[in-house]
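Trainee: Spelled out, the chains give:
Number of protein chains: 2
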Amino acid sequence: MSSEKTSLGANVFLYPMPVVLVGALVDGKANFMTVGWVSRVNFKPALMAIAINHAHHTARGITETEAFSVNIPGADMIEAVDYCGLVSGRGTDKSSLFDVFYGSGGKAPMIVQCPLNIECRLHQTVDLPTNHLFIGEIVDAWAEPRFLKDGHPDIQAMSPFVLTMPDNVYWGIGERLARAWSVGKKLKGA
Amino acid sequence: MSSEKTSLGANVFLYPMPVVLVGALVDGKANFMTVGWVSRVNFKPALMAIAINHAHHTARGITETEAFSVNIPGADMIEAVDYCGLVSGRGTDKSSLFDVFYGSGGKAPMIVQCPLNIECRLHQTVDLPTNHLFIGEIVDAWAEPRFLKDGHPDIQAMSPFVLTMPDNVYWGIGERLARAWSVGKKLKGA
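Residue numbers (our numbering), protein chains in the order written: chain A, 1 to 190; chain B, 1001 to 1190.
Since the hints were derived computationally from the structure, they do not count as laboratory data.
The structure displayed is predicted, hence computed values, not measured ones.
You can trust all of the hints, since none of them are fake.
One-sided and incomplete, this derived list gives chain B residues near chain A with beta-carbon spacing under 7 Å:
hint	residue
1	F1013
2	P1129
3	L1163
4	N1168
5	I1173
If the Cβ cut is set under 7 Å, some of the chain A residues that face chain B in the computed set are:
hint	residue
6	K5
7	S7
8	L8
9	K44
10	I118
11	V126
12	L128
13	N131
14	V169
15	W171
16	G174
17	A178
18	A180
19	L187
A virtual CB, placed ideally from N, CA and C, is assigned to each residue, including glycine.
Using the sequences plus the hints, can you model the full thing?
Mentor: Rendered as structure tokens:
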């Protein structure tokens, strides 16, 4: 082992984590929860997974409706996004914080104000000790043309943000560094 | 549905995705692969998941050794990180690109040059149509003191980067925007 490295123990986080609002219908009402444990997990079909504590109001809604949405907020929504992580839908109606729309599935509430909305149909639930890992198949995604470039989401127009824990800070997206699947070619044959 | 939103179809990605190097022993040799589909998935015990295409060399190594590492690279490593996503360990020896060390498990090769190293023991494999979702229990994590602040990883010192697809661009981390679990408090009772 490198002698300069210090052990940090097991409870470390990813650097950085994305920040999304997960939408679900709970008892027929739209509810939104802030989530940083989210990732694509399968290429074809397109699957996306979110990890949510068993006790969360949203977990019950996803289990019952077999649907959820992943909404990527912009930095201008940071106060509302943080608020959705502070209060539970069990005691607070979060449905009126945003304008809500639905896609073809009709059971995954999505947020008009978010630059990108991803509608998912529950594919599989993996029960882990403290969290449900909900794996959803992406049904469709939605964005306004002003958030697109060449037909795809444009991160600079979307202006999403990321999270670090346990210092609990939101960070913006920085400058364009390089082209992926390209900048490393110069090491080929090196 | 909001009339201004355009359908993008199902194959959308998360904005942004983190960028890590996953380490595994394959046929006894350290191998590293660039991965953007990664997330914490359970609070206690601390579990982290990575999604890797079935065909990848790394997938065989993780299945055989039941161990892997998640290494967070700094932006100064961007060419080597991209290179690890361009070439397979099947035909190219990537073990000599970095200085390698091992933790107590002894089966998860980690990269000295990466600011943060997370050692995982395989907890569960979820087989999805095109990808394996490897869920690992974090055994320990490692960082040099220069990458820590108050005993925890400091993203500004680490300088990780993120990825967008399908435009295939790496981006840096931007400015500090706000404190999480705090900035939204002003909406309470509003």
